[in-house]
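Undergrad: Okay, here's what each chain looks like letter by letter:
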Amino acid sequence: MPAEDTSRATKLAGLLRSGGLQSRLRQQIGVVIALLLLILVASLVSDRFLTVPNLLNILRQVAIVGILAMGQTFVILTAGIDLSVGAILGLSVVLFASLLEGHGLAVAIPLGLLAGTLVGLVNGIGVAYARIPAFIMTLGMLSFARGLAFIHTGGTPIPILNENYYYVGNGYLLGIPIPALIFIATLIVSAIVLRLTPFGRCVYAIGSNEDAARLSGVPVRRYKMLVFVVCGFTAALAGMVFSSQLSVGTPIAGQGYELDAIAAVVVGGTSLFGGKGSVFGTFVGTLIIGILANILNLTGVDPFVQQLAKGALIVVAVYVMSRSNRS
Amino acid sequence: MNDGLAMHPLLEAKGLRKSFEGNTVLSDVDLSVLPGEVHAIVGENGAGKSTLIKILGGVYQPEAGQLLIGGAERRLRSPRDALAAGVVVIHQELSLAPDLSSQENIFLGHMPLNSLGVVDQSEMRRQSQQLFDRLSVQIDPSRLAGELSVAQQQMVEIAKALSFDARVLILDEPTSVLDRDRVATLFQVIERLKAQGIGIVYVSHHLDEIFTIADRVTVLRDGRRTGLERVQAVDQEWMVSCMIGRDFPPHAAHTRSSGQPALEVKRLTVPGEFEDVSFSVREGEIVGLAGLVGAGRSEVAQAIMGLTRPVRGEITVFGRPTRISGPDAAARLGIAYVTEDRKAQGLLANRPVWENLTISNLRRFYSFPFLRPRAERDFVQDMVKRLDIRLSSVNTEIRNLSGGNQQKVLIGRSLAVEPKILILDEPTRGVDIGAKQEIYAFVEKLVSQGVAIILISSEMEEVLRLSDRIVVLKGGQVASTMSRGEASEESIMRAAALAS
Chain W
1 MPAEDTSRAT KLAGLLRSGG LQSRLRQQIG VVIALLLLIL VASLVSDRFL TVPNLLNILR
61 QVAIVGILAM GQTFVILTAG IDLSVGAILG LSVVLFASLL EGHGLAVAIP LGLLAGTLVG
121 LVNGIGVAYA RIPAFIMTLG MLSFARGLAF IHTGGTPIPI LNENYYYVGN GYLLGIPIPA
181 LIFIATLIVS AIVLRLTPFG RCVYAIGSNE DAARLSGVPV RRYKMLVFVV CGFTAALAGM
241 VFSSQLSVGT PIAGQGYELD AIAAVVVGGT SLFGGKGSVF GTFVGTLIIG ILANILNLTG
301 VDPFVQQLAK GALIVVAVYV MSRSNRS
Chain D
1 MNDGLAMHPL LEAKGLRKSF EGNTVLSDVD LSVLPGEVHA IVGENGAGKS TLIKILGGVY
61 QPEAGQLLIG GAERRLRSPR DALAAGVVVI HQELSLAPDL SSQENIFLGH MPLNSLGVVD
121 QSEMRRQSQQ LFDRLSVQID PSRLAGELSV AQQQMVEIAK ALSFDARVLI LDEPTSVLDR
181 DRVATLFQVI ERLKAQGIGI VYVSHHLDEI FTIADRVTVL RDGRRTGLER VQAVDQEWMV
241 SCMIGRDFPP HAAHTRSSGQ PALEVKRLTV PGEFEDVSFS VREGEIVGLA GLVGAGRSEV
301 AQAIMGLTRP VRGEITVFGR PTRISGPDAA ARLGIAYVTE DRKAQGLLAN RPVWENLTIS
361 NLRRFYSFPF LRPRAERDFV QDMVKRLDIR LSSVNTEIRN LSGGNQQKVL IGRSLAVEPK
421 ILILDEPTRG VDIGAKQEIY AFVEKLVSQG VAIILISSEM EEVLRLSDRI VVLKGGQVAS
481 TMSRGEASEE SIMRAAALAS
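Protein chains in written order, with our numbering: chain W, 1 to 327; chain D, 1 to 500.
No lab work stands behind these hints: they were computed from the structure.
These numbers come from a predicted model, not from an experiment.
Errors might be hidden in some of the hints.
Unchecked claim - Covered stretches of chain D (in silico footprint by chain W; criterion: 3 or more residues with CB under 8 Å from a CB of chain W, positions within the stretch not fixed):
1. 321–331
2. 340–350
3. 364–378
Said to hold, decoys possible - Here are the simulated lysine to aspartate or glutamate pairs, EDC-like style, with alpha carbons at most 20 Å apart:
4. K266(D) / D276(D)
5. K343(D) / D211(W)
6. K343(D) / E210(W)
7. K445(D) / D388(D)
8. K385(D) / E397(D)
Virtual Cβ for every residue (Gly too), placed ideally from N, Cα, C.
Construct the complete structure from the given sequences, taking the supplied hints into account.
TA: Take a look at the structure:
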């Protein structure tokens, strides 16, 4: 009997160890394989592709959408959606520009980030407490925040002359583009929050079954609000990189970026129905879209045709994933 | 059925086999359905009932074996094929479009058209009325499906099946959504269908129903057929032994010594749901809340959990009057609730089992700034063992578990808050017999450890078996409170159903 007990215990321990990590990898293996295939194709198509400068360049190029997509992943994991991230980015871009004019970096950056976060908070309160559907709330905010950006500038772009600020979007640290570093840092922090904190765990629970989460004592409303706060913050962070890269605060910045961010999340395997996915997936999704654009650029494909390719990629990627999930 | 041999079966399955990822879930199963026959299929969860139904309904294709419909071999590649062959499945969870009328639901996909190619409303209404007449049910065909009671919706589903000229009707747990009166109505309808020569496959956990309604019974265990008999020739024990291949221990003798009052509810009122409900439960005691569906039992539980706001009355926890603002606050007071609606309010369906277990009390596994995976793992391991949850890995998504194991996980989840007061709402609904016994044993263990338990159940046997005292609700009010000695199936039913 005791022998039986111990063998049972070891079996149990085995079950438990056979682990989180493996099964998580298995879920994401599809996206990763897609990425590797794409890299393979890319390196065959163009010998300039697999060069360090080009790869770093890709990271720099995808950073803005990638950062946006990190916050978007939080929202989509709860089965929500944030359509206003492009507009929040635009608003933060003009705020960064005008704040830099009168004040220094030390004022402009925190305040610009705070502004985006507050817009996210408004979204969150609307969705979580006023129970306005996320689609509607953020659609309204898309227009509202964009309007604020136009009003703030009177429609004319504000030039950014601060030289230190220029480095945020264009500089290098240890040979790596700073936007890429910000992107990677956002990824790491997001992954840690989602995996290791109660907030992150509850994000998945809410997306999986909101009623069940509520009944389990999860503070559903608070956390549903918080994901929009996170998303607003990352939108402003992306706005910081954007404004620095362009050296101008233009109110039309980031138009349509919400769709690119959602595309990255979805291609990365996160379910629009919530509860399933990860920021790592989103990272890979961002790269897939970015690399595709890069190959098409390197091979001189017409930009209009590039649009076709991106659209097809999104649909095909999601189709393939939904098939593989079923089997 | 005066001469079964002379009749040709409407549907015949021979040697069906099906496996998933190398796991054989059905092997060498035969089934035949005669005209005007009710053929019951019973078996524990995981015995292969759903797989069999899905093969008959064209959802799965068998790896071996054949299907004969009306004597001719047919391959059902899709539910559409099955429909065309006259085989219709009515699932446990009804699937009407709530915003369409009953007649539109009935003719969804094959609506009668007039000469202009537009849906012929009056023809549709006429035919719907005919179908309802065939069933002798009174439903206005133009009412929205969403406005109908569950029992009526079920009738619309049956009418819909008839509109496809169903010859074989497969009813999957049809009574699980019905209260007692409605079950009788359903059985009348089944009798009428029998008289019209329709063959019925009847899947149910409720063995007593089978004796009332079925002609023959097929028992499945572990994907094989372990019994096929005429119902008249067998008894409940025969079925149970075919289903589980083992004997049950007799009911444990019942000598509980209860402690101090744990939870007292006084004159609690939530308008429109229940009124002036009072009862109490002590440490180490099980109080059963009995009553018909709609009597307000779950609503009382939800008010205790702080999900609804009582306008009157008080809740006292261990002598201290409290206001409970929500499940989180309830958990802090040591109160946990296991929902009756596993799918809608319980399962984090696409999350792994271990996350499902710990979600109710992450605080316990948390020390700033991170969750402690080791503490979670220990708890999960402990629960898997204590509740004997059977799974291939705790990383499995919970939706892949059988109903019984899902229920065990939810009970385990409620234990994460170390409850002193546990409310179990229909703890064995949709759970197979084996798991049921295990859950009973576990509940008895909890109560012997001093947990106060409120048991809400529609299963009379369950309430009688487990409870020390029974509170019967009727129309949102306490109709009767009885001790274990006073309670019987009859006295409870009388209190729950009869006018006082």
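Undergrad: So, for every hint listed, does it hold in this structure?
TA: The hints, checked one at a time:
1. 321–331: Holds, because 5 residues of the region 321–331 of chain D bring their Cβ atoms closer than 8 Å to Cβ atoms of chain W.
2. 340–350: holds (count 7)
3. 364–378: holds (count 6)
4. K266(D) / D276(D): holds, 7 Å
5. K343(D) / D211(W): Holds: K343(D) and D211(W) sit about 10 Å apart, inside 20 Å.
6. K343(D) / E210(W): holds, 12 Å
7. K445(D) / D388(D): holds, 14 Å
8. K385(D) / E397(D): holds, 18 Å
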